[in-house]
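Enquirer: In case you want the letters, here they are:
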Amino acid sequence: MSIKEYRTAIEARGGLLVVKDTAGIAFGDRVQIKDHAGNTRNGQVIRSADNEVLILVFEGTDDLDLENTWVRFLDEPVEIALSPEILGREFNGLGEPRDGRPPVLSNIRRPVGGSAINPAARTYPREFIQTGISTIDGLNSLVRGQKLPIFSGSGLPHNRLAAQIGRQAKLVDQESSFSVVFAAMGVSYADAKFFRDEFASSGVLRNVVMFINLADDPPVERLTLPRTALTAAEYLAYDLDRHVLVILTDMTNYAEALREVATAKGDVPARKGYPGYLYSDLAEIYERCGRIHNRHGSITMMPVVSMPSDDITHPIPDLTGYITEGQIVLSRELHNQGIYPPVHISPSLSRLMKDGIGKDDTREDHPRVAGQIYALYARAQETRNLASIIGADELSERDRRYLTFADAFDERFVGQGEAEDRSIEATLNLAWELMSMFPRDMLTRVKETDLAKYYQGTD
Amino acid sequence: MSETKRTGVIRDINGPIVTVELPGVRSGEQVKIGNLGLFGEVISLRGQLAVVQTYESTDGVRPGEPAQGLGWPLSVELGPGLMGGIFDGVQRPLEKIALESGDYIRRGISVPALDRAREWEFEPNRELSPGGKVGPGVVLGVVQETTTVLHRIMVPPGVEGELLEVAPAGAYDIESTIARVRDPRGISHRLSMYQRWPVRKPRPYLRRDDGISPLITGQRVIDTFFPQLKGGKGAVPGPFGAGKTVVQQQIARWSNADIVIYVGCGERGNELVDVLESFPELDDPYTGRKLMERTLLVANTSNMPVVAREASVYVGITMAEYYRDMGYDVVMLADSTSRWAEALREVSGRLGQMPVEEGYPAYLASRLAAVYERAGRVETYAAGSGSVTLIGAVSPPGGDFSEPVTSHTKDIIETFWALSKELADARHYPSIDWVTSFSKHVQTAAQWWHKEIDPDWEKRRTAALALLARDAELSRIVNLVGPEALSDAQRWELEGASLIKEGVLQQSALDEIDTFCSPQKQYALLDLAITIYKRGAALIKLGVPVSELQHLPLMAKMRRLKSMYSSEQLDQVFAFRAEVDHAMESVRIEYAKSDQHEHNA
Ligand SMILES: Nc1ncnc2c1ncn2[C@@H]1O[C@H](COP(=O)(O)OP(=O)(O)O)[C@@H](O)[C@H]1O
Ligand SMILES: [Mg+2]
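In order, the protein sequence lines correspond to chains A and B.
So the first sequence is numbered by this note's numbering: it starts at 757 and just counts up by one.
So the second sequence is numbered by this note's numbering: it starts at 17 and just counts up by one.
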């Protein structure tokens, strides 16, 4: 096959373009569209019939004059060029430079769509990453190759937290840090600048690749952006043996772009207007991270998902939580109390924690300490609710202890400085200090031997 | 269906749905698509045109490329070599594929499920002799598939007649002829050690029987409170993170089934790796052998093509029925049936079918029921009784149990283990909610427990549930008027419920000791918790203040007991009973003394 050009576009709406009288166009192929003004747009074939194709136009279909639109089918999939030179650079969702520098030249080109990792080729992720953040390291530990999103809301400091993790993340006793692939979809100029400055000031910029689509850039481009970014991450991890941390922000903007296109296509909606395939679509992105047999590098992923109206049951956080290996949930209430990072531990979870912590990885008491803190905090939350109904004075002596614990916990364990990098040892010791506010016989989630070794109370 | 191959041409590619012009092709027939030779299945016909759902991504496929009808429906290979393996949603062996195509699955790759080169030691059935009559299900001989699984080589359904010969003992590959049968029409059938079966068609059996014995899972909240039977059907619904996968994996690990089939349907790749890496290391508590020897995995992870996801459940259940036909008790776990239903929805949406609720097609409920209907305990043709227990995880959007998949499933199944986000958030695992969960098998299970473990089982179970119900009631009062309003006796009820929750219901899958709990230990813990409560209640009646009891060291020990002593250390658990008696008695004497003292003063 070869490149073919047509001037037979017959319909344009919502980012979609229909071209007729085509022949033998491959599904998924890359398209270039030249509009009446001579500007080039990019697209991809998303349905191909005998004599008609449907194209998704990444820059959108606004202002297309169909009579004067030239459509070229490039006879290749949507790909990006990859070389070690991508580090330190900034691209758009199609892998085109955004930093005013020339395009990357390389004969390594990879389709951005990726393909499914054979589950039999995966290795279970189990290497503990110390992020320096107590609520994560102590209670919801992250391991290399994990996908752990931050569930947030508008105005909450998810970007600051993601940046702090990007800065501090390391394996215990190791200096080697991560290469960062930063993928921004529909973010504000200010947010993009925040990350750029952040990477620059911490001196990691030459270890970072940025893929950026701003809030006023074409929304359809958001659909390829995470795929392009992950293709770069796979190259860094599996060709260059690096450990890569991928930060995706904000997946809500991605999903909204998907809904827009799905609606234009007339796809049957499932919930809140999102198409039924949103789950599989998100999974294609999230499941690209992990550990693979006999590969030195790894991909760890931290997507940011802002929950519309702070609603965790909204389809985007909901489906994300069904795919990712846990979630870190931020709370507006804690944020309003001035606590940073405002991690609400109750709904937060790390599913891969179990194999990354304990005797040989962090400390032998770690799993039980986490369980105990959770149990105490859950009870403390109930007590807080009770106190708000009947008043703290009506509480029993025992219950009041829970209140004191909860306050100290929020303030000292959850709260920490934006530059504070706590070791896991420090985190666990702090947990024991707080747990020791209770008599021994109330700490039944830990072993007697743990109590003998770490308990600091008088009882 | 005839075996002639038909060829045609591709007309339209709409994601996984491809329209081909392929005259004469049948509905359900397997089709090879395009130059890459992607596999698919005809799902509807209109004139010369057939709509095909493909099991692989159609990127790069063009209209005008060829299509070929293969003449048979989606089928699986059934024979020795399945156990211990991992297969994709259309039964391709993933470990072999990794050897051939690397870390990513190359499209169009075609590797048979069963190894053609491997030889198996075949031991013929000595009871058979040439000239005798044989029919479907008759065991021709056996192969030791793994150290735990004796694979019975059976006459496939549809073959009946005079046995002409059976191969002598020896090593054969799966394609060698191990028997010949002449049917009444005089046609001779060459039988090898494997057979094919179309996955969408249930395998036949003699008759259906009721379940009689509980499936012991080693999980207290399941076995003791919401029991499942061998041959039963159950569901585990719950929001993300509530513990569906862990429940399923625990059953895969510790249940007293002969065969476990774990279908990862639209879920995480790492969860399958977890099983693949850990099961070869874990010992089956019943046979002492490695768990992987009785386990097989079917994997269509969430990033794998969605159409094969729909197929994966049928592929799994067909293999389950096959081992059932050998007379085994098989457990199939499907994580998650919601993803299977979503695959149905996606295909129906692409076909432009009318959605009824949340985008699902009208046939959702009947398809779900038909899948679950393939579970059950049956009388097999020739291997006695066998069963398939089917347990499906359900992933309701937003944790809303009123959504279509959960609500239809609830009408079909017999055990419902409802997971609660509140419990999971408090790290109360398994987060099976004792109020909304149910089992229709308590009466049947009770017969087993009373006979095998203790005649008081049902009484204890009821007492525990009553205490939990009181707990809910009293907590409502506390929330209205505060804890001070409760009497000592009521406070002790709360304490008793908390012993049940923490000492019996909570069970960490990650705790080396407590991950499995034998029925004996389950009963011992339940009995102890109830005993402590009852003894304490009696003391409170005498006037002992509740605070005297709350801080007794035995209260903390009761909560820790489950992970202090394993199922093999039951004597230690029983010894604690003596401690309880002693401690309670001391309180009584102590109190009687001080009481007397007051009287005298
Ligand atoms: N029985 C259990 N014991 C210990 N931890 C559990 C148990 N059940 C669930 N968990 C914890 O909850 C997490 C989520 O459970 P999982 O089964 O993956 O949830 P789901 O499949 O419902 O999303 C697990 O990674 C584990 O940390
Ligand atoms: Mg799960």
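It is worth saying that the hints were derived from the structure and are not from the lab.
Incorrect hints may have been included.
Using C-beta positions, here's what the derived DEER-type ranges look like [said to hold, decoys possible]: (1) B/E528 / A/E1176: 32 to 42 Å; (2) A/G1029 / B/K426: 48 to 58 Å; (3) A/E1120 / B/D225: 42 to 52 Å; (4) B/L586 / A/S1179: 51 to 61 Å; (5) A/R1154 / B/E438: 17 to 27 Å; (6) A/T1069 / B/R206: 57 to 67 Å; (7) B/Q64 / A/Q788: 34 to 44 Å.
Quick partial rundown of chain A residues pointing at chain B, CB under 10 Å, derived from the structure [what the hints assert, rightly or not]: (8) V801; (9) E883; (10) P1031; (11) G1082; (12) R1088; (13) E1089.
Only a predicted model underlies this, so the values are computations on that prediction, with no experimental measurement involved.
The C-beta atom is built at its ideal place from N, Cα and C for all residues, glycine as well.
Enquirer: State for each hint whether it applies.
Expert: Going through the hints against the structure:
| no. | hint | verdict |
| --- | --- | --- |
| 1 | B/E528 / A/E1176: 32 to 42 Å | holds (35 Å) |
| 2 | A/G1029 / B/K426: 48 to 58 Å | violated (27 Å) |
| 3 | A/E1120 / B/D225: 42 to 52 Å | holds (50 Å) |
| 4 | B/L586 / A/S1179: 51 to 61 Å | violated (42 Å) |
| 5 | A/R1154 / B/E438: 17 to 27 Å | holds (21 Å) |
| 6 | A/T1069 / B/R206: 57 to 67 Å | holds (58 Å) |
| 7 | B/Q64 / A/Q788: 34 to 44 Å | holds (35 Å) |
| 8 | V801 | holds (9 Å) |
| 9 | E883 | violated (14 Å) |
| 10 | P1031 | holds (8 Å) |
| 11 | G1082 | holds (7 Å) |
| 12 | R1088 | violated (17 Å) |
| 13 | E1089 | violated (15 Å) |
Hints 2, 4, 9, 12, 13 from the list above are not met by this structure, while the remaining hints are.
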